[in-house]
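Residue numbers (this note's numbering), protein chains in the order written: chain G, 76 to 505; chain P, 5 to 467.
Since the hints were made in silico from the structure, they are not lab data.
Where a beta carbon is used, it is the ideal one built from N, C-alpha and C, also for glycine.
Any given hint might turn out to be false.
Computed far set for chain P versus chain G, every beta-carbon distance over 10 Å [claimed, not checked]: (1) Ser72; (2) Glu80; (3) Pro105; (4) Pro114; (5) Ala115; (6) Thr136; (7) Lys145; (8) Glu331; (9) Ser367.
Pairs of lysine-lysine, DSS-like flavour, derived with a Cα cap of 27 Å [stated by the list, open to error]: (10) P:Lys139 to G:Lys316; (11) G:Lys316 to P:Lys217; (12) P:Lys440 to G:Lys203; (13) G:Lys203 to P:Lys139; (14) G:Lys203 to P:Lys98.
Quick partial rundown of chain P residues pointing at chain G, CB under 8 Å, derived from the structure [said to hold, decoys possible]: (15) Cys23; (16) Ala43; (17) Val297.
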Amino acid sequence: MIERIKDGLFGRARWFDLIEVRGVGTPISYRNNRLHTITEHNNTGFGVRVNVNGKTGFSYTNDTARLDDTAEQALALAAYGDDEDFELPARAEKTFEPYDASIQTFDAGREAAGAEDAISEIRRKFPKATVDMSISGSTSSVRIVNSKGLDVAYRSSRYSVSLSATIILDDGTRIEASDSMSALAPVSHSDLRASVIHKIEAALTPGTLPSGRVPVVLSPRAFARIIGIVTAGLSAKSVWKGISPFGDKRGAVLFNKVLTVRDDPEIPDSPYSYPFDDEGVTAVNKHLINGGRIEKFITDLKHARTLCLVPEGNGSRGYSSLPYPSYSNILIEPGSDQRDAIIGGVARGVLVEEFIGLGQSNTLTGDFSANLELAYLIENGRLNGRVKDCMLTDNLFKLLAGDMVLSRERERSGSVVAPTVLFPAVNYTG
Amino acid sequence: MRDAIDHILPRARALLSACRCEYAEVRLSASSGTTISLAGEQVETFSSGDTIGGSVRLLNNGSWGFVSFNDLSEIERHFGRGIEISSCVSAREKTRIRRCPPVRRQFSTPARKDFSRIPLEEKLSLISAYNTILKSSRLIKTTRATYRDVRSYYAILNADGSEITYDRDYCGIALTSIARDGSVIQPYSDSISGYGGFEIVEGREDMAETVAKRAVDLLAAESVPGGSYRVVADQKLAGVFIHEAFGHLSEADFVHENEQLGAIMVLGKQFGPPELSVTDSGDLPDLSGYIPVDDEGVLPRETRLIKNGLLSGRLHSRETAEKMGEEPSGNARAVSVMSQPLVRMTNTFIENGAHDRGAIIESAGDGMYAAGVIGGETNLEMFTFTAGCGYEIKNGKIGKMYRDIVLSGNVFTTLRSIEMIGNDCRMFGGLGGCGKGGQGPLPVAFGGPHILIKDVLIGGSHD
Chain G
76 MIERIKDGLF GRARWFDLIE VRGVGTPISY RNNRLHTITE HNNTGFGVRV
126 NVNGKTGFSY TNDTARLDDT AEQALALAAY GDDEDFELPA RAEKTFEPYD
176 ASIQTFDAGR EAAGAEDAIS EIRRKFPKAT VDMSISGSTS SVRIVNSKGL
226 DVAYRSSRYS VSLSATIILD DGTRIEASDS MSALAPVSHS DLRASVIHKI
276 EAALTPGTLP SGRVPVVLSP RAFARIIGIV TAGLSAKSVW KGISPFGDKR
326 GAVLFNKVLT VRDDPEIPDS PYSYPFDDEG VTAVNKHLIN GGRIEKFITD
376 LKHARTLCLV PEGNGSRGYS SLPYPSYSNI LIEPGSDQRD AIIGGVARGV
426 LVEEFIGLGQ SNTLTGDFSA NLELAYLIEN GRLNGRVKDC MLTDNLFKLL
476 AGDMVLSRER ERSGSVVAPT VLFPAVNYTG
Chain P
5 MRDAIDHILP RARALLSACR CEYAEVRLSA SSGTTISLAG EQVETFSSGD
55 TIGGSVRLLN NGSWGFVSFN DLSEIERHFG RGIEISSCVS AREKTRIRRC
105 PPVRRQFSTP ARKDFSRIPL EEKLSLISAY NTILKSSRLI KTTRATYRDV
155 RSYYAILNAD GSEITYDRDY CGIALTSIAR DGSVIQPYSD SISGYGGFEI
205 VEGREDMAET VAKRAVDLLA AESVPGGSYR VVADQKLAGV FIHEAFGHLS
255 EADFVHENEQ LGAIMVLGKQ FGPPELSVTD SGDLPDLSGY IPVDDEGVLP
305 RETRLIKNGL LSGRLHSRET AEKMGEEPSG NARAVSVMSQ PLVRMTNTFI
355 ENGAHDRGAI IESAGDGMYA AGVIGGETNL EMFTFTAGCG YEIKNGKIGK
405 MYRDIVLSGN VFTTLRSIEM IGNDCRMFGG LGGCGKGGQG PLPVAFGGPH
455 ILIKDVLIGG SHD
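Just chain P, same shape as in the assembly (with noise of 0.2 Å):
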């Protein structure tokens, strides 16, 4: 697999000296996986292959050109292609980027348990496990039990004098099980990822036993009424609310040309109450967001979002940095090298305030818990996401479970109207990701503490 890679550099480290355009870059990149994928009783999915690919990047005369490609051997045709269409059309405002220090480093994912060793039979029999338990209850209709590892190897070189080569491997499993009463159908989900080897993936029955109990329980709950609630915000919820409601806000490619967002966007602006901080950071090995370089050649850092309720900071790439006169903070990432790079969040989450959970379930008074979820979506300015699940909260105490729990929004009130946030922080990440301008799921982490929200919208019936 290296091997494929390693004899392409010295044709791209040439065809980027010789290049006469304000930027170049070349990305390559090899690999090999195994997918398991087990529905009810059936394996659905079993197969491994292998793929390869490289892309071309080039800033000439303020115009991008981006050329794709599979055939490494042809490398030079493709970057002539990409000088080619980049100059066809001159664009009116040049594009300029942040030029960098070159980096030179070589990165690989430490594992504990290399899972290119472990026998097929050994996969399928784990998933199979998983797959058993999900399966628990008579009242559960079909089951998918997913696992997958891939290993890639990574270059990227640019003009600036960059060469960075990442050995990466990442693996996870998905658990769902789809419950079924006569015409009420309750599918439950929840996933794991991240960069490592296969003890990832390992010990995991209680979150199969939680999907599959979950499930089961959902069949009994009733429909939420629709209308304006105080609600409970479990870590999982919480760090969707913030990925989705605020994070995408913080890319700077959303606000660097836009006036009128950039005029909303303003640094030292009340977002929040002062207990509010967020933060993202590509720079933490154990996460689904982690990056040991983005797909610009930029080392990650820690950016601090929100601190103490303000906007303290943004996502960059070399393009929205250099337009906004910040610092890029190695957010420009790419799904696969066949795809260009775009400022994206990593492992992005609400810091820990004071309170106990219990504490702010019982100042919600009368509201609801809302704990997983099940999806998110956002336009910058409403967001609606889909909580796993939902609890009553009455005279501040956990009442009956609820299904189909709808929550919207506008994004900056919602933000302005959290009331109290909790002391126990976590994160989470799965086999899914983030989609942004078709380029998806890419991997990344989300989390943060217990959050008591006034006034948000539940979408119901109104019999």
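Next up, chain G with everything else stripped away, as it sits in the complex (with noise of 0.2 Å):
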């Protein structure tokens, strides 16, 4: 079908290229402690992006049948898009598949007798626990072709988990603990309980703290959550937009030297990895931040284009929308500090485990405001309670630029590799 579409568009369009993707996705959802679905996802579709007379134009469908027909739509459309002067991709190197063949052992009965096992440890420490948890089997592929004789595809599969339990205590306080993980293949997920069952034993008693300036130390899931702040400003669409405020500053240590971030595409086991992004340009290791040093932005074809920058795979798209810049795997790279020895050296702040809210500030200026979702006091080195209805506000970059320790330990949350750190004096308002 793809062969037949892209005969027809040889002679009618500048260059071109297809994506079709195709995936099966099998999640088992447990909700308030039992078994409430078990689905079955079946998804393809195809995207047609052609380049007329130096426009793009662009259609897509999931329907097979109507295939020529996003064809001709797409070069209809050209006439109204922006001019866009960029070579498309001739090969791909595909070095490696995110994919591990054992994920076709996915057993949803097997599945669900972990959940049930993960649910009942939970409830023996916590009877009134509510527990959610849903655990997913995929498996997807990408094959991308263009005008330039390119053909390439990969697959990749992924095992995902998450799990979270609430507690209601008598007066109406709600302790929320979360915690997931991601892998090519089903493995182990027990830890996932344990980690569940610490932060909820942590949270069991009130702590208090007067608003100030305070030691913050984030654990390696909030600060992958907050470290977006920065990456936002380090894609190619921002710099181009003139929003982001790290585009004229390349080259610039804006930084504490100890923060060192990285865009790492190869990581093996991770289904954030690929070989190749979506339009076929094949993936590298970067340095986005090296030594507190801006050193490169994130891009697609058409930004690295009008940047002048080299594109090294960050071109993200499903079947039904045009690339954007986005990354793979996001690697902070750790201190030298043990993580206990970093909490251990809080005489009074606060630990932040989830933020709420993080999103809705206006952060492209690096200003925050987040209410703490789940944060414990820390006290004398140890951790002494939860705070709860207080917020952190204040500017990332400034804080990232100043003091901060990281530890030498790191945790994988979602597609970012992060350790923990502190920053010592953040505004904090209880």
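Can you join these two chains into the complex? Each is in its own frame, and there are hints to help.
The following block contains the structure:
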């Protein structure tokens, strides 16, 4: 089918590319301690991008019978598109696939039994807990074909588990603790239940801290979320729009020299790895921030051309959208201190596990203001209850430029691998 | 578009009538749409496309099985897979649902100006004109002006014998200006959407002007000092507050198996002052959260969630209604046929009270007038939402402008802290929507009159 469309587009477009995405997934969902649904998703879709007289048109469908119409529609829409003058890649290196054949051993019955075990263990410890759990196995494939003769495809697999437990105390206080993991194929997830139990235990007693500037420790999960404020500004799209605070700062040292951040599409066993991006550009490991210095922006082909950057495999898209710059795995390099020693050195401060409402602030400038969904009081180097109904409000760029301590231990949270971090003075409103 | 669905309907009917499960439903949809997105001087997206999809949901021996697909020609195979996966695990506790009388209806969107007959040039010209307004100051660094329309044909058939089709036309615009002065960058956005034709998006120059002006004005505004404030929320913020802080608590799936939350959400319990009444209704055709029928084939109804300060109702699916011994309210909604229905809000609002806006601001004394909204989030106990901007209230008079107004608090204490309710209810809804359970944005509308709330936490500096 793709071949027929390809043949039909030669001679009618200056260049074109086609993307075909296929996927099958089986999520099993437990809600409120019991099996809710077993699901199967089957998805296929096609996107057609063409460039006619220097202008780009795009159309999509997930109905194979309409693929010819979709190509015609893309050609017709090119008249309204932007002038785009970039070259498509002629070849892409497939050095690996983020795929593990043992994903085929995913068995709904066995996974359900594992979920029941996890729920029982949490409820033995906290009989009032309500537990939600989701376990999913999926496989997908991406194929990119273009007018330069590129015709490449790769498979990917993903096994992911998320677990959350909620307890409402007699005074109405709600404690929710969660954790999640992902891999290329089914693996043990028993660490998650231990993590959730530990987080709840530490939150059972209340702690209070007066408003002011206080030492704040972010867990790897919290650091992984907040670093998004920085990485949003390292996208070539934000730079091109003139809204990135780093647009004219390439090569400048803006942060503490302990901060090094990479985009690494080659991490083994990560479902966020890929051999080439959705435009067929071979993906490579790159420093975004190196020793506090702004080094690179991530880009797709369009923004690489407009900003004179080298595309290194960060063009992302589904079948129904045009490419945009996106990260693979984000790695924050570790420090040398032990996590326990970092917390042990805090006389009176806060350890943050989860924010709520972090993304709503005007984060373009690094400002953030967020409630703390799950955070603990640190007193004399030890966790001493949970702080709640409180907010952190500060500027992340200033915090990352000032004193900070990173732990040697790191954890992966979604696509971000992060250490624990300590900032000595952050605005806290309680 | 209709043909692709209509010729599958007899096969879906046959599958449902032969099915021996406790309940089964088939949902099918075909849609086509156009998106034009301008960013600054660029045409960021000018695309059109079409999608087709279907799903089968079965309740089999107390367990739900759900299969989604876009190859409708294999509906029998997918239906069979649904039976297979729903029987591969035996649920310890069986799910039961409320059966309803069959509904056999055909719905369509009334549109004054059918957008499928509007030439692409005209759509581009309209959104370009708004984009020009958005750029109207030299301090505006970039803009984003998006136009979107979607025409879909939807069908739901279920084991009750219901068979409903819906020709739906939805369109809207979203407008953003991003102003910059040195290192200060301030975005401001607004959006509108609805069911109907091109008339929904025409004549919105005022909206574009306000967006551009607010973005520029915010450059000069100071960051708000953190602390506890008496807050006057405008109609839009009041709407987001009631959606986030209370509406989600009214979604019965959060309550129906959680004994502890159930013990809090007892009908008849006091949740706010006697002046406070809150309603959700999917049956308001002019608003973004309108649904002629929900995604379980139940017709929507008006649900009084709070009446005179007392909890008086909640939002249900068939499953939660059965579990709690109440009636389905027509609030089972899915973001598309490829997703399962969840209990969701539709159009949610605080009903009018007795006070004028002026009297409320005067009564606030010293406090904060918070206007517009950037976003909101709740965890069912605490909420956080961000106002578009704020103004100091001093001695009952509006003063200087503030930016970065992030309000947060405990849902229950904040509802009890409402002191005055205005008489100027307005409703809002845009191209975005509500997210829940990985499904979003689902079109909803929200609104209310101006309200005065005491002791609201606003995050800010302590320098």
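Against the structure, the hints:
no.: 1; hint: Ser72; in the structure: violated, 5 Å
no.: 2; hint: Glu80; in the structure: holds, 14 Å
no.: 3; hint: Pro105; in the structure: holds, 25 Å
no.: 4; hint: Pro114; in the structure: holds, 28 Å
no.: 5; hint: Ala115; in the structure: holds, 22 Å
no.: 6; hint: Thr136; in the structure: holds, 17 Å
no.: 7; hint: Lys145; in the structure: violated, 5 Å
no.: 8; hint: Glu331; in the structure: holds, 21 Å
no.: 9; hint: Ser367; in the structure: holds, 25 Å
no.: 10; hint: P:Lys139 to G:Lys316; in the structure: holds, 13 Å
no.: 11; hint: G:Lys316 to P:Lys217; in the structure: holds, 19 Å
no.: 12; hint: P:Lys440 to G:Lys203; in the structure: holds, 24 Å
no.: 13; hint: G:Lys203 to P:Lys139; in the structure: violated, 55 Å
no.: 14; hint: G:Lys203 to P:Lys98; in the structure: holds, 20 Å
no.: 15; hint: Cys23; in the structure: violated, 17 Å
no.: 16; hint: Ala43; in the structure: holds, 6 Å
no.: 17; hint: Val297; in the structure: violated, 22 Å
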